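Colleague: Make the full structure from the sequences, and use the hints.
Sequential numbering of the sequence shown, starting at 2, is according to the working numbering.
Accuracy of the hints is not assured; some may be wrong.
Claimed, not checked - Derived DSS-like pairs: lysine-lysine, alpha-carbon spacing no greater than 27 Å straight-line: (1) K32 <-> K8; (2) K32 <-> K72; (3) K72 <-> K57; (4) K37 <-> K8; (5) K8 <-> K72; (6) K32 <-> K57; (7) K57 <-> K37.
What the hints assert, rightly or not - Label pairs and their calculated CB-CB ranges: (8) Y85 <-> P21: 17 to 23 Å; (9) D20 <-> N45: 15 to 21 Å; (10) K8 <-> R63: 26 to 32 Å; (11) D6 <-> G65: 30 to 36 Å; (12) S18 <-> Y85: 16 to 22 Å; (13) T23 <-> G71: 24 to 30 Å; (14) N86 <-> G39: 33 to 39 Å; (15) V27 <-> D70: 22 to 28 Å.
Honestly, the hints are just simulated from the structure, not real lab data. Predicted model, so just to flag it, every value in this text is computed and none were measured. Virtual Cβ for every residue (Gly too), placed ideally from N, Cα, C.
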Amino acid sequence: MLTQDPKIILADEPTASLDPQTSLKVMNDLKMLNEKYGMTVVANLHSVELARQFGKRVIGIRAGQVVYDGKMSETSESVFTDIYNGGDGNKEE
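Modeller: Here's what the structure looks like:
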């Protein structure tokens with residue numbers, strides 16, 4: 002458990018420069034904190050695969066503006082492509 006009992010964890014690129022095995026460990030640890038202790042975890046990730054595996058919600062941000070906000074289960078591959086390629090994130094499949 003974390004010493005100050007936070008309600009929210011902000012993780013800025015928690016898997017940057019990590020090997021795949023360690024990345025999964027970090028993400029599983031964050032997931033455990035959410036599920037076992039009820040902590041909200043907000044993480045910015047550049048790995049779509051990790052986002053799909055662990056995320057419940059996607060918020061696409063570009064140049065300080067939110068360009069997409071939706072449930073992971075409702076976020077299509079074309080939305081990710083649109084977000085990363087400069088669209089508004091609202092492209093339909």
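Colleague: Does each hint hold? Answer for all of them.
Modeller: Hints, one by one, checked against the model:
| no. | hint | result |
| --- | --- | --- |
| 1 | K32 <-> K8 | 14 Å, holds |
| 2 | K32 <-> K72 | 17 Å, holds |
| 3 | K72 <-> K57 | 6 Å, holds |
| 4 | K37 <-> K8 | 12 Å, holds |
| 5 | K8 <-> K72 | 21 Å, holds |
| 6 | K32 <-> K57 | 11 Å, holds |
| 7 | K57 <-> K37 | 16 Å, holds |
| 8 | Y85 <-> P21: 17 to 23 Å | 21 Å, holds |
| 9 | D20 <-> N45: 15 to 21 Å | 19 Å, holds |
| 10 | K8 <-> R63: 26 to 32 Å | 28 Å, holds |
| 11 | D6 <-> G65: 30 to 36 Å | 31 Å, holds |
| 12 | S18 <-> Y85: 16 to 22 Å | 20 Å, holds |
| 13 | T23 <-> G71: 24 to 30 Å | 29 Å, holds |
| 14 | N86 <-> G39: 33 to 39 Å | 36 Å, holds |
| 15 | V27 <-> D70: 22 to 28 Å | 24 Å, holds |
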